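**Q** What follows is each chain in one-letter form.
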Amino acid sequence: MRAAVEERTADQARSSGHDFGRLFRDEQDAVFRVLYAFTAGRRDLAEEATAEAFARAIAQGDRIRDPLPWIYRTAFRIAQRELKRERRPPTEDVRARGDAAAGLGHIVDALRQLSPNQRAAVVLRYEADLPVAEIARRMGIGTATVRVHLHRGRNRLRELLGAEEVDDD
Amino acid sequence: MIERWQEELRKLREVRPTADLDARIAEGPHADMPTPAGRRVVAAVTAFALFAAAGAFAFSVLRDRSESDVLGGADEPRLVLTLVSTDLAPRATLRYGDQTVDVVTEGYEWCEVDSDQCTSMISDFVFYPPVSEFIVVPPGTPIEVTGDGAVGDFRVTDPDDKRVPGATELVVPEMHGLFAFQVTGEFERGQGTFFFGVQSLDGPASAPDVLTVDCSAGTARTDTSIVRTQADGMHIVATGTDGWDTLQIVAPAGAPAGETPRIGFGLPADGSVAAPVYPGRWEIGCATSDRPVEAGDATVAFALVDPDDHWASMELTCFPNPLAEAITTTTTIPSSVAHADAATQLLSGLGEGDRIREAGYEGGYGTQRGRAGFTYVVEREGMTVARLVLSSLETYGADFSACADSGIALVTDGVLGVPDVLVLRCEGLGPAVDASTVRLQPDGFHIEASNIADATVVDVRPLGSETPNLTPFLSVTERFVVDVGPGTVLIGCLVQDEEGNLVGGPDEFPLAYLDVEVLPVE
Numbered sequence: 656m657r658a659a660v661e662e663r664t665a666d667q668a669r670s671s672g673h674d675f676g677r678l679f680r681d682e683q684d685a686v687f688r689v690l691y692a693f694t695a696g697r698r699d700l701a702e703e704a705t706a707e708a709f710a711r712a713i714a715q716g717d718r719i720r721d722p723l724p725w726i727y728r729t730a731f732r733i734a735q736r737e738l739k740r741e742r743r744p745p746t747e748d749v750r751a752r753g754d755a756a757a758g759l760g761h762i763v764d765a766l767r768q769l770s771p772n773q774r775a776a777v778v779l780r781y782e783a784d785l786p787v788a789e790i791a792r793r794m795g796i797g798t799a800t801v802r803v804h805l806h807r808g809r810n811r812l813r814e815l816l817g818a819e820e821v822d823d824d
Numbered sequence: 027m028i029e030r031w032q033e034e035l036r037k038l039r040e041v042r043p044t045a046d047l048d049a050r051i052a053e054g055p056h057a058d059m060p061t062p063a064g065r066r067v068v069a070a071v072t073a074f075a076l077f078a079a080a081g082a083f084a085f086s087v088l089r090d091r092s093e094s095d096v097l098g099g100a101d102e103p104r105l106v107l108t109l110v111s112t113d114l115a116p117r118a119t120l121r122y123g124d125q126t127v128d129v130v131t132e133g134y135e136w137c138e139v140d141s142d143q144c145t146s147m148i149s150d151f152v153f154y155p156p157v158s159e160f161i162v163v164p165p166g167t168p169i170e171v172t173g174d175g176a177v178g179d180f181r182v183t184d185p186d187d188k189r190v191p192g193a194t195e196l197v198v199p200e201m202h203g204l205f206a207f208q209v210t211g212e213f214e215r216g217q218g219t220f221f222f223g224v225q226s227l228d229g230p231a232s233a234p235d236v237l238t239v240d241c242s243a244g245t246a247r248t249d250t251s252i253v254r255t256q257a258d259g260m261h262i263v264a265t266g267t268d269g270w271d272t273l274q275i276v277a278p279a280g281a282p283a284g285e286t287p288r289i290g291f292g293l294p295a296d297g298s299v300a301a302p303v304y305p306g307r308w309e310i311g312c313a314t315s316d317r318p319v320e321a322g323d324a325t326v327a328f329a330l331v332d333p334d335d336h337w338a339s340m341e342l343t344c345f346p347n348p349l350a351e352a353i354t355t356t357t358t359i360p361s362s363v364a365h366a367d368a369a370t371q372l373l374s375g376l377g378e379g380d381r382i383r384e385a386g387y388e389g390g391y392g393t394q395r396g397r398a399g400f401t402y403v404v405e406r407e408g409m410t411v412a413r414l415v416l417s418s419l420e421t422y423g424a425d426f427s428a429c430a431d432s433g434i435a436l437v438t439d440g441v442l443g444v445p446d447v448l449v450l451r452c453e454g455l456g457p458a459v460d461a462s463t464v465r466l467q468p469d470g471f472h473i474e475a476s477n478i479a480d481a482t483v484v485d486v487r488p489l490g491s492e493t494p495n496l497t498p499f500l501s502v503t504e505r506f507v508v509d510v511g512p513g514t515v516l517i518g519c520l521v522q523d524e525e526g527n528l529v530g531g532p533d534e535f536p537l538a539y540l541d542v543e544v545l546p547v548e
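Protein chains in written order, with this note's numbering: chain A, 656 to 824; chain B, 27 to 548.
Since the hints were made in silico from the structure, they are not lab data.
Nothing here was measured: the structure is a model prediction, and the numbers come from that model.
The reader is advised that the hints may include incorrect statements.
[Said to hold, decoys possible] From the structure, some residues in chain A lie toward chain B, with a derived Cβ separation under 10 Å:
hint, residue
1, E707
2, R736
3, A765
4, R767
5, V777
6, H806
7, E820
8, D823
Glycine is no exception: its CB is placed at the ideal position from the N, C-alpha and C atoms.
The shape of chain A in the complex, shown without the other chains (with noise of 0.2 Å):
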């Protein structure tokens, strides 16, 4: 199936200039990762967010003009309404009993304690190594706003899962 999205890709690419497919393969399972943190923990909306902005973007083709941002917002975007929508906690689903004993428990738990913008400004900063204005383009809010989310998710993090030295191995 993935041909099905080179093929599709590669029609889009050939008249806007974007690599989708490339991007496709290289940021995909990012772009899940940290869906995966903003919805703490919610597999499902984390995988049709994310598959929603790509091929919303796939779409949108040339008039995207720096689409990893662009996808990074409409996924967020994405997420949020489905978040709104519900209108309740995020909550274990059956898939997410998997993470749990793949030993996700303790940080899906802890995530689940932050706000959606809280969750996505701590993971792009320390789990994926972004810089603060990387950060505010991707979420796209501006870098004090970015700031105060990093300060806060951190701290709160710190309160819930220790703060404590340990190997960084």
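With the hints as your guide, set chain B onto chain A.
**A** Showing chain B alone in chain A's frame:
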């Protein structure tokens, strides 16, 4: 070494999607498609590809048409519908003037040449093009059919799918309104059914003067592709606003960087607002406070026209060419004199037919009048050739600029002076001052600063200095004296972080600073 929480966070690196995202992406966009009243649901093959086709239709219509095209300014007063055969299917395009757009295909039956094999396709979820994508033409515009297909049947409806009475010829109805055309084309190899929409208007003066924006479908929908200004701005009525915080207007996708202002406003209780938007082409969308509108993403386009001359632009027509003058100074005209009279006294060199008027909307308020005070402009043949921004304390301050060939100048005899106190306003857009040149007093540089935004400190430092010199805002207005010498001084309005630290200076936040020339003590 890292902290425990960071170690936990790194476990996310092992997370991978389990679903087949490739297959999902290959299906194309799904979510939040509009569901207009004119939606047609026809059982048969689902053709999601048409969604993308419809999107392309929308964009090409809106991006490529100039203001004159939008207003029905085509030299050729007719629509040309071209029906053509291709190897795979019939296709239709619509041309008006120099705009050509693809028409939405609802379905077709298409047979092989010299064979009985035929392919039929009827799309599910075909929508009329959104109103924002309707081509604007004068009433009674004829529709000429070209290509190798012929029109077998057609139907003209309003956007609610109600048939327009008396539409027996393929021509735009002789009345103002929105019309959707469903046309069946007959070809040698089969037939196809197509949709397109037109908005019928005599010209800008007959455009609606209110834009209705419906946010209920998860994205914005509008009732016209052209709207006319009113005396106090562009009038917008918002409906279906549950779950939304603001409407935002942005420059169209593809506009050059730096020319993309964003105007947002909260949704008023009565659902209507007069927005200080200047005439031109815009996109509007429904937004939440933490998710701003992006051009081209869930927005709809519209053209704002000004046939009644309610708007006077503060942008000089010669920009960015050299200006004859660009002066910021104080005057000796007391602020008890009316703004308009002060402007008349301060401007010289006006030609016959030149008109001094307030910038922005005549009955409007706020941003269009400039951030420092009342803004007057000189219009010559409808173009702005000079601008004067007045700020008032005991006497008026003047910020003047004019095009080099306009002959307009600021009167200097007996009305200008150099102040010995700098009046600074920390505003949302950055700092603003009433004079670009200030004289020192014996005890230093006197500043009177007003905080009308969310600044927490004022930084005053000589140009080139890397050391901040901060004065905190303890009240809305602070009067203080800074120890600096003559020369260029940078003045910034800044916000500290939660721990009271300054996160940057003039290099990091150039828009938060401006420079002032400080003269020696007299």
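**Q** Let me know if the C-beta of A/E707 comes in closer than 10 Å to any C-beta of chain B, holds or violated.
**A** holds (5 Å)
**Q** Can you verify the interface hint for A/A765: is its Cβ closer than 10 Å to any Cβ in chain B?
**A** holds (7 Å)
**Q** For the restraint on A/H806, tell me whether the closest CB of chain B is nearer than 10 Å.
**A** holds (6 Å)
**Q** If you take the shortest Cβ to Cβ gap from A/V777 to chain B, is it below 10 Å?
**A** holds (7 Å)
**Q** Hint A/D823 vs chain B: min CB-CB distance below 10 Å?
**A** With Cβ-Cβ at 5 Å, under 10 Å, it holds.
**Q** Can A/R736 be said to touch chain B, with a Cβ gap under 10 Å?
**A** Holds, because the Cβ-Cβ distance from A/R736 to chain B comes to roughly 7 Å (cut-off 10 Å).
**Q** Less than 10 Å between beta-carbons is the criterion; does A/E820 satisfy it with respect to chain B?
**A** Given a least distance of 4 Å, the restraint on A/E820 holds.
**Q** For the restraint on A/R767, tell me whether the closest CB of chain B is nearer than 10 Å.
**A** For A/R767, the interface hint is violated, since the closest Cβ of chain B sits about 13 Å away, which is over 10 Å.
Hint check: a violation occurs at hint 4 only; the rest are consistent with the structure.
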